[in-house]
Amino acid sequence: MDKAQELSSIIGEIYELTNRLEAMYPGRHFTPDGRLVQIKTTQRNSVGISEKPDYLIVLHIDENGRLEEIYNGPGERVWSLFEGRKPPKNGQYQISLSKLKEFDKGVLPDEKIPALS
187 MDKAQELSSI IGEIYELTNR LEAMYPGRHF TPDGRLVQIK TTQRNSVGIS EKPDYLIVLH
247 IDENGRLEEI YNGPGERVWS LFEGRKPPKN GQYQISLSKL KEFDKGVLPD EKIPALS
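Numbering follows this note's numbering, in which position 44 of the sequence shown is assigned residue number 230; successive positions increment by one, without gaps.
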């Protein structure tokens with residue numbers, strides 16, 4: 187087995203273990219690198235967030251189906267807006283895309299999750 191095949195096999199095993207952990211602990215999220223990343227997509231002007239992620243990526247889909255990255259960075263920055271607030275009835279705090287764009291300006295390049303091409 188060459189290195190590329192071995193790497194592919196190891197990555198497959200990591201995801202297999204992640205799936206087993208999620209089956210053992212229903213309702214818990216596990217990721218191969220241990221970080222919780224929430225990815226939100228919307229065609230509206232806001233998104234709802236129900237728990238603090240390690241990282242947050244928010245994408246807007248325009249009327250032509252094109253994606254625009256609105257926010258890509260640490261979840262703590264966004265979640266801090268909701269600290270001390272009473273949870274909404276539906277459990278999701280709303281935040282506008284314009285506010286997220288402002289937050290995104292303060293995210294350093296090494297704090298972003300790189301896009302895959």
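There may be inaccurate statements among the hints.
Stated by the list, open to error - Below, computed lysine-lysine pairings styled on PhoX-like, alpha-carbon distance capped at 25 Å:
id, residue 1, residue 2
1, K272, K285
2, K238, K272
3, K238, K285
4, K285, K226
5, K226, K287
6, K238, K287
7, K275, K291
8, K291, K238
9, K298, K238
10, K275, K226
11, K238, K275
12, K226, K272
13, K226, K238
14, K285, K298
15, K238, K189
16, K189, K287
17, K287, K298
Please keep in mind that the hints were generated in silico from the structure rather than gathered at the bench.
We went through each hint and held it up to the structure:
no., hint, verdict
1, K272 - K285, "20 Å, holds"
2, K238 - K272, "15 Å, holds"
3, K238 - K285, "17 Å, holds"
4, K285 - K226, "15 Å, holds"
5, K226 - K287, "14 Å, holds"
6, K238 - K287, "18 Å, holds"
7, K275 - K291, "31 Å, violated"
8, K291 - K238, "20 Å, holds"
9, K298 - K238, "17 Å, holds"
10, K275 - K226, "20 Å, holds"
11, K238 - K275, "17 Å, holds"
12, K226 - K272, "22 Å, holds"
13, K226 - K238, "13 Å, holds"
14, K285 - K298, "17 Å, holds"
15, K238 - K189, "37 Å, violated"
16, K189 - K287, "41 Å, violated"
17, K287 - K298, "14 Å, holds"
Hints 7, 15 and 16, counting from the list given before, are not met by this structure.
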